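Chains A and B, in that order, give the protein sequences. To convert a position in the first sequence, counted from 1, into my numbering, add 90. To convert a position in the second sequence, counted from 1, into my numbering, add 69.
Simulated from the structure, these hints should not be mistaken for lab results. A portion of the hints provided could be inaccurate.
[What the hints assert, rightly or not] Going by beta-carbon spacing under 10 angstroms, a handful of chain A positions derived as facing chain B: (1) Val94; (2) Asn96; (3) Arg97; (4) Arg116; (5) Thr118; (6) Ala120; (7) Ile122; (8) Ile123; (9) Lys125; (10) Val130; (11) Leu132; (12) Pro133; (13) Ile150; (14) Leu152; (15) Ile153.
[Said to hold, decoys possible] Here are the simulated lysine to any residue pairs, SDA-like style, with alpha carbons at most 25 angstroms apart: (16) B:Lys713 - A:Trp102; (17) B:Lys745 - A:Asn95; (18) B:Lys631 - A:Arg97; (19) B:Lys745 - A:Asn96; (20) B:Lys381 - A:Arg114; (21) B:Lys119 - B:Ile658; (22) B:Lys631 - A:Asp143; (23) B:Lys347 - A:Leu112; (24) B:Lys631 - A:Asp98; (25) B:Lys763 - B:His784; (26) A:Lys125 - B:Lys638; (27) B:Lys638 - A:Glu129; (28) B:Lys383 - A:Asp110; (29) B:Lys631 - A:Asn96; (30) B:Lys347 - A:Ile150; (31) B:Lys713 - A:Ile100; (32) B:Lys383 - A:Glu113; (33) B:Lys713 - A:Asn96; (34) B:Lys336 - B:Glu635; (35) B:Lys381 - A:Leu112; (36) B:Lys631 - A:Pro142; (37) B:Lys768 - B:Asp748; (38) A:Lys125 - B:Glu635; (39) B:Lys383 - A:Cys115; (40) B:Lys383 - A:Ile123.
On a predicted model such as this, the values are computed, not experimentally measured, just so you know. The C-beta atom is built at its ideal place from N, Cα and C for all residues, glycine as well.
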Amino acid sequence: MIRVNNRDEIEWQDGLTVSDLLERCRYTFAHIIVKIDGEVILPEEYDTRVIPDGAQVHVIHLIAGG
Amino acid sequence: MSKQTKTTRRVLAEYTYEPASVEKGYTGQTLYVNVSEHTIAAKPVTDVMKDKFIGGRGFGLWLLWHGVKDETRWDDPENEIVVSSGPCGGTTQYPGAGKSLVVSISPLTNVVVDSNVGGHFGPLLKFAGWDALEIQGKAEKEVIVVIDGSTGRITIEEAPDVPVDTHLVGHWLINDMAESEEDRYYMSVISAGTGAEHTRMGCLNFSLYDRKRQAPRFKQAGRGGIGTVFRDKRIKAVVVKSDPVRGDSNAPADPARISRAGIRLHKEIHGYDNEQCKMRVTGTSYLVQIMNDYDLLPVHNFRFGSHPDSPKIKREVWEDYFTQGLPDGCWYGCTLACAHAVDGYTVRTGPYQGEVVIVDGPEYETIAGVGSNCGIFDPEPILEINFYCDTYGIDTISFGTGTAFVMECYEAGVLDREKTGGLELRFGNADAAIELLHQMGQDEGFGKIAGQGIRRMKEYFVREYGADADFLNDIGMEAKGLEYSEYVTKESLAQQGGYGLTNKGPQHDEAWLIFMDQVSNLLPTFDDKAEALHYFPMFRTWFGLCGFCKLPWNDISPPDNKYTDEPAKIPEHVQNYVDLFSGVTGREIAKEDLITMSEAVYNFQRVFNIRLGYGLRDHDDVPYRSQGPVTVEEYESRTERYDKQLQEVLGLDPAKMSTEEKVAALREYREGQYEKLKDAVYERRGWTKNAVPKVETLKRLGIDFPDVVAVVQKHL
Ligand code: SF4
Chain A
91 MIRVNNRDEI
101 EWQDGLTVSD
111 LLERCRYTFA
121 HIIVKIDGEV
131 ILPEEYDTRV
141 IPDGAQVHVI
151 HLIAGG
Chain B
70 MSKQTKTTRR
80 VLAEYTYEPA
90 SVEKGYTGQT
100 LYVNVSEHTI
110 AAKPVTDVMK
120 DKFIGGRGFG
130 LWLLWHGVKD
140 ETRWDDPENE
150 IVVSSGPCGG
160 TTQYPGAGKS
170 LVVSISPLTN
180 VVVDSNVGGH
190 FGPLLKFAGW
200 DALEIQGKAE
210 KEVIVVIDGS
220 TGRITIEEAP
230 DVPVDTHLVG
240 HWLINDMAES
250 EEDRYYMSVI
260 SAGTGAEHTR
270 MGCLNFSLYD
280 RKRQAPRFKQ
290 AGRGGIGTVF
300 RDKRIKAVVV
310 KSDPVRGDSN
320 APADPARISR
330 AGIRLHKEIH
340 GYDNEQCKMR
350 VTGTSYLVQI
360 MNDYDLLPVH
370 NFRFGSHPDS
380 PKIKREVWED
390 YFTQGLPDGC
400 WYGCTLACAH
410 AVDGYTVRTG
420 PYQGEVVIVD
430 GPEYETIAGV
440 GSNCGIFDPE
450 PILEINFYCD
460 TYGIDTISFG
470 TGTAFVMECY
480 EAGVLDREKT
490 GGLELRFGNA
500 DAAIELLHQM
510 GQDEGFGKIA
520 GQGIRRMKEY
530 FVREYGADAD
540 FLNDIGMEAK
550 GLEYSEYVTK
560 ESLAQQGGYG
570 LTNKGPQHDE
580 AWLIFMDQVS
590 NLLPTFDDKA
600 EALHYFPMFR
610 TWFGLCGFCK
620 LPWNDISPPD
630 NKYTDEPAKI
640 PEHVQNYVDL
650 FSGVTGREIA
660 KEDLITMSEA
670 VYNFQRVFNI
680 RLGYGLRDHD
690 DVPYRSQGPV
700 TVEEYESRTE
710 RYDKQLQEVL
720 GLDPAKMSTE
730 EKVAALREYR
740 EGQYEKLKDA
750 VYERRGWTKN
760 AVPKVETLKR
770 LGIDFPDVVA
780 VVQKHL
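Excised from the complex, chain A in its bound form (with noise of 0.2 angstroms):
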């Protein structure tokens, strides 16, 4: 099990990315920022880092709209 933005528990399924982390979500918004136990994570890795089992996830959806 991983927590996304302290509240939601996401079942953790082996070589989970965080690419497919975000599908899973829906978050499509481009302008985010993710953290994994705290490490910011860089766009270009979220096809490849794998996210660990018991992570805490964040993905931070920076203000849009207005």
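Chain A is already provided as a structure; the job is to place chain B with the ligand on it using the hints.
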């Protein structure tokens, strides 16, 4: 385009002056024009105005406060329209530094409305010698006001053959008054339109002359019906003309400091806009698909947050419509350049059918408001409505949200063909929506009723048709009398407050917290939400004091923003604003001062609302549609989400409840949460539980003027 005939102009009043030069962002004078009494006068800008009210919206509120009485209503002659840019307005080195702020008493809300608008008027007004323009009175016959900073002459004139609708009057007056091609660059026209005079939702159009297209274009001060006030004063247009704008026209104290900040942001935009929001390609239309993906796009009068047809009106569709490769900034130097337009659009209906015009926009709010919210997933009618709203001088947001309300009333049986005069106003019926708009423009049929806005429609439907008042209050998406802008807030308590706990009403320019709250879960406690509902409205208020556009603050961010402590605030850009303000005015400030400067003006505006008989806790109520599912159909469209909340938060067993019982239980909970939010926010802002700023708050902010304290003391 309608044929321009010779213009007869008869001068009713004239004032000559030596234009004051700009020093550190100020001219030191404001211009007063009374169109009843034909008075034109200069007023000094005092130290209190500069220290406490800064400029822009602050100057507007100060001048309006002193111009009106406690009992003044929107259509009294003493109501004013005040336009001011602010000390940084007119800067050309930093993107988004040419906005104008307009304030007036609103025909929709009966309190003060402020609107932030692009176009060239505010900066050119300053370069013509004036920090603000204050218009009062009501003309006997239709007039135009001309402020010519090049010759130092101001006139109030009758111009009977000048048309009223914006796309005509803008071209007409510029053609008539420009003596050379270059003259056109430094002219700007404020106009409204025939729809503004027949509805309460009139907008003002502020022109800019587009050198590439060789035509004027128009940006809208949309919210709150200021265009209606303008037409009620029988003003067709206000024209300003200045000497050519130069890079140092705003005479900043430290030009190098401003240039450094500007270069940093220009580089960011150049390097990262394409991978972030693509504002330069499609402007704010990128938000349509994003909002749909996050269940935030208003669909069918805010019942739902997404729709399978939304791809038909998404960014890529507009990319093909917008002419690409033109520098679409609404003031010089804005390289974020999001003010796109559709060129060569052939009007399909109404009085201008067959004319080939430029359509300014559509922006996200228009696409969502007149598109998805009305069930219209077709770009062509959205363009048609966008064009006519602008030229008739009608706010696209109030029109969109108002029409969505009418459509739900029609489908719920509150209205029928007989009551609408034959218009079948069902969701998705674009032809009926367009016809409704023409009726507003021509003061005909059901358009006369719909143009009064949702609050007055609700009263009318209850009174005349025996409609259920509770149902209409639940589904009518207005607060304080103003129609909601276009975001679904059901799952974000903080944004319910972002719309409700406001001064002017539900417009997202005070706070947009949905991602922070609902998606990123950065505001889990009431204290967190209250802090955000303190900081962000104050921070955004500051743009309106100084003449800035909000978009370059957070629709682009530097690549290392992700490593900062508070990435949502874009700390590097906050520092840019500190540099810009200090660099222009010579007044050294720290980033915390941005908040206290705004707090003074924001609290003053709250007190102003109380003075006018509003502004208390009950006036911050919001319709239940903005908080949760009103109908069984809405609940059942997201059963999993709502059942989970009943189970996990309220400890109920949804399996044992009917949908009606579940709707009621959720409602009781969510309405209670909103009341708790009010308490937390009022406390954070230094207000009483009845939303009245405390005297100690006024003292701390240095706005404890006797007449201000006297207003709040009646409520303490
Ligand atoms: S970002 Fe867009 S709206 Fe803001 S000043 Fe630039 S062009 Fe105008």
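Quickly compare the C-alpha distance for B:Lys745 and A:Asn96 to 25 angstroms and report which way the hint goes. 23 angstroms, holds
Under 10 angstroms, Cβ to Cβ, is where A:Ile122 needs to be relative to chain B, so tell me if that hint holds or is violated. 9 angstroms, holds
Quick one, is the A:Thr118 hint okay against chain B at 10 angstroms, beta carbons? Nearest chain B Cβ about 5 angstroms off; hint holds.
Using the nearest Cβ pair, does A:Leu132 come within less than 10 angstroms of chain B? 8 angstroms, holds
Decide if the proposed pair is consistent with the structure: B:Lys383 and A:Cys115, CA atoms, cutoff 25 angstroms inclusive. 21 angstroms, holds
Proposed proximity, A:Glu113 with B:Lys383 (alpha carbon, max 25 angstroms): OK: B:Lys383 and A:Glu113 at ~19 angstroms, within 25 angstroms.
Do the alpha carbons of B:Lys383 and A:Asp110 lie within 25 angstroms of each other, as the hint requires? Holds: B:Lys383 and A:Asp110 sit about 24 angstroms apart, inside 25 angstroms.
Would you mind confirming whether the straight-line C-alpha gap from A:Lys125 to B:Lys638 stays at or under 25 angstroms? 17 angstroms, holds
So if I understand the rule, the pair passes when the alpha-carbon distance is 25 angstroms or less; does B:Lys347 with A:Leu112 pass? With Cα atoms ~20 angstroms apart, B:Lys347 and A:Leu112 stay inside 25 angstroms; holds.
Taking 25 angstroms as the top limit, are the C-alpha atoms of B:Lys119 and B:Ile658 close enough? Cα-Cα ~14 angstroms, so holds.
Does the structure keep B:Lys713 and A:Ile100 at a Cα separation of 25 angstroms or less? OK: B:Lys713 and A:Ile100 at ~16 angstroms, within 25 angstroms.
A closest beta-carbon separation below 10 angstroms is what the hint needs, so does A:Arg97 meet it against chain B? 5 angstroms, holds
When the structure is compared with the earlier hints, no violation turns up for any of them.
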